[in-house]
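K.L.:
Sequence:
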Amino acid sequence: MVATWNPAAASTYYTRQRETEYYAGSGEPAGIWYAPAADFAVVDRSPVDRATFERLYHALDENGVSLLDKVRRHRDRTPAFDITLSAPRSVSLVWGLGSHETKRLIETAQQNAVRATLGMLEREATWARRGFNGGFIEKVALTSATFRHGESRSARHSDGRVFADPNLHTHCVCLNIATRQSDRTVGGLHSKLIRDFKMAAGATYHAALAHELERIGFAIDRVGKNGVFEISGVDDTTIKYFSARRQEIEDELAEHGLTSGQATGLAAAIAKATRSSKRESEAVGREEVWREAARSLGIDTESFAESLRVESKTLNQQAGERILSERLAALPASLTEHESVVERRELLRSVAAALVGTGLPVERAEIELTRLLNQGAVLEIGRDALGLPCYSTPEMLAIERDVVEQAQRLANKPWLAIDPKSVTDRCRACGLTAEQTDAALAATTSSAVAIVEGAPGVGKSTLLARVVEGYAKAGCRVIGAASAWRIANMLRDDLGIEARATASWIARLKAGEKVLDEHTVLIADEAGLLSSRDMHALLGAVTKAGAKIVLAGDRRQLQAIGAGPGLDLVARAVEAARVNNIVRQREVWAREAITNFGTGQATRGLEAFADRGLLFEAAGARAAITEVLDSAEQVHKRDPGASVLIVAKSNAAVAAISRATRERLKNSGIIKGTEVSFTAATPSGHSTQIELAAGDKIRFLVRDDELDVVNGSTATIITVNKTAEPFSSANRILIEADIGGQRIAFDPARLADGQGRPRLGWAYASTVYGCQGLTVDHAVVYLDHSYNRHDIYVAASRAREQTTLVVDAKSIDRRLASELPFDQQRDDLVFSANQRQNWLAERLARASPKISTLDVIESSRPFERQTQKDRHHRRELSYEL
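In my numbering, the protein residues as written are 39 to 919.
Don't read these hints as lab results, they were simulated from the structure.
Small disclaimer: the values here were computed from a predicted structure and weren't measured.
Wrong hints could be hidden among the right ones.
[Claimed, not checked] Mimicking SDA-like on lysine to any residue, the simulated pairs with C-alpha atoms at most 25 Å apart in a straight line are:
| hint | residue 1 | residue 2 |
| --- | --- | --- |
| 1 | Lys451 | Thr483 |
| 2 | Lys582 | Ser542 |
| 3 | Lys141 | Ile337 |
[What the hints assert, rightly or not] What follows is a list of derived Cβ distance ranges for each label pair:
| hint | residue 1 | residue 2 | range |
| --- | --- | --- | --- |
| 4 | Gly794 | Ala76 | 56 to 64 Å |
| 5 | Glu671 | Pro432 | 25 to 33 Å |
| 6 | Gly778 | Val621 | 27 to 35 Å |
| 7 | Gly794 | Ile405 | 39 to 47 Å |
| 8 | Glu857 | Ser363 | 36 to 44 Å |
| 9 | Ile405 | Asp555 | 46 to 54 Å |
| 10 | Thr717 | Arg899 | 49 to 57 Å |
| 11 | Arg409 | Arg650 | 58 to 66 Å |
| 12 | Gly778 | Gly469 | 26 to 34 Å |
Beta carbons: idealized from backbone N, C-alpha and C, even for Gly.
Could you put together the complete structure from these sequences and hints?
P.N.:
Have a look at this one:
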């Protein structure tokens, strides 16, 4: 991890003597103070002395008296926070193998980058709480002791050698005290603000370090996410060899079917919780160990580092300015691709990351941010609860305002109403509840827009069928839309109407096709997944055609992948008819548990499953996946005809479960014969390696009309053949598969995306997003820390009969351990089942509803200017009971 955040260890952890093992020993330099404001009389850039550091760490003045006497509960405070900034591996390697002069230059570059990062954190994220329960904040100065270190923990390398790799990093121990200028009292920092700036800190550090390295003659390349980079000329093979500790973590993640890029949080937890002790001997000779290892790779260590540095190199500032200009021009659209509201830390992060590789100094980040604001490319739209600015773009602001205005116009526009008595009679004849009947009545009024919200499993399709009957009898054409083709096809079958994926309808509308008219009713299912842009397109088309739209969904379930909460915006103008009584689950306790998950009472929900033996803890990822598959197999043995759904949060976890499933099927002879392997694309656009053979169950991730498949269609492979392409070394793959009793044949290449990766996957498990809208007999949920309230609400509510939850207890133990100070983190820490369950419940209770630009604007108004409707809407958005 480039920038990590942790509660600091005990003060002695940073000030041990040379004969122990850490900062003050092992040949590492003394710490250096960062204290530009000279708070507590600390001299900026001076060496860290033990007495002053330990005194301030414990918040004591020169006389040993607490500086925090006026602060309640200060004995429970965290004394300091450790922000660690780690150089890219190629930088550490060049530093470790370089001459004295090269080392000195890189160390100076590291020090300057650290100071630039701390400077950004001091300007942007260093605040102290004030008032009752910290109701407001006050800007304060940052005081930090920085300790530079040069190696990682020892690890076994690919050739069997065991040594500590070069790893240039600086621990910034930020004291949790600051003098408040308003009354000269001392208070603690608002730690969450600093922690939340971790990604911005990483981008700032990358930008500053890249500039410093380019300034002294190194070229950089392989610029990636958040500005990560490597030094040109240091190849990936060498980097991988000297990243043995990272390889250990990657091997550990492989058990979960993940890579560190896909699961940065888990990677960090493993890195922290699996720390081995640093060698206790002094670091004399470590450079020779590195040189010997490098020579074994064929590297000329005498000239390696210096040959990468070209003293006479001059950076082309004009080219750098052009690159930066292009990146910043694309930034507003990129920032609002998934969120309509952008916090300042994300804006800073993005601008800083855009600087990497331009050769321009990191100080340009704030200049360019201000320029974006002055030019109106990004707008400050309001303040958050702490008074910090929030931003968006003119495009998003206009779209979201227009969605509300369109919804208001549609709500006031007279449309064909269905006789309430006939609707009521139909509902009663089908045994619908009063709640379902009221929702059907709300959907058939004279308004041109209606919202029907329902908890998962409330019989939404049944009540919508009555709506369709009413409008069909009145001579209207009813069509359906859903977030995915698979759900659209279910809507088609359940309601007997034409239905397509929402994106398909929008594409046809943009192409000028006459999809809607004044006699058309559009039912948009899973409307909670509609982004602001999608909702804007649908409402605009409905308004233009004089049609009616019925939005059916649930804001409490999964949120839109795109920017903004489309359904929530419409709910500002249209009162939603809500159905809460769940009917899908057979047993009362299960319905109550699902309701608890949906309302944030995750502790009750987990307890209900645990009390019935349906919450399993496994010792490790492999064991958890085994338990998932065993649970599914037991269902099949009891009831071979039952439908079973396996659910996981990420595509990577689904892939890990699928690989384990294939091993079982191959061992049992169900999967057999020729096997082909190729790089495919996951639903989220990542690359993944996939193997296929006869007997495999596959899922199409793209629509193909010639094959008569849509995104989500599943099939069973009958045969797989490889044939050599004429005049080419490549092989052509031909797959024959059975899909619903119909045999199809195809080459996966026909399903390829723009990068040539077939959009095809295994059909042994589903992501949470992939399963919303599905109903099965049984479900097995691979539950981990990444689930939130929306995720568990959907995952736990798919099955009629029984849902089983499986967790990796070892992974939770590691995460619990990683939240401890450094000196308390160990791989062998084991927590109680109750501790793990409470920790998991806290995460499952967290709601992350999409917010709109209008939410921020309204919440920023003085209380006396807020309308009752505004307050009600925010309570509804927060899902308060």
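K.L.:
Look at each hint and say if it fits the structure.
P.N.:
Verification of the supplied hints:
1. Lys451 - Thr483: holds (11 Å)
2. Lys582 - Ser542: Satisfied, since the Cα-Cα distance of roughly 18 Å is no more than 25 Å.
3. Lys141 - Ile337: holds (18 Å)
4. Gly794 - Ala76: 56 to 64 Å: holds (59 Å)
5. Glu671 - Pro432: 25 to 33 Å: Distance hint for Glu671, Pro432 is violated at roughly 55 Å.
6. Gly778 - Val621: 27 to 35 Å: This hint holds: roughly 28 Å between Cβ atoms.
7. Gly794 - Ile405: 39 to 47 Å: holds (41 Å)
8. Glu857 - Ser363: 36 to 44 Å: Hint holds: Cβ distance 42 Å, inside 36 to 44 Å.
9. Ile405 - Asp555: 46 to 54 Å: holds (53 Å)
10. Thr717 - Arg899: 49 to 57 Å: For Thr717 and Arg899 the Cβ distance comes to about 51 Å; the hint holds.
11. Arg409 - Arg650: 58 to 66 Å: Since Arg409 and Arg650 have Cβ atoms about 59 Å apart, the given range 58 to 66 Å holds.
12. Gly778 - Gly469: 26 to 34 Å: holds (30 Å)
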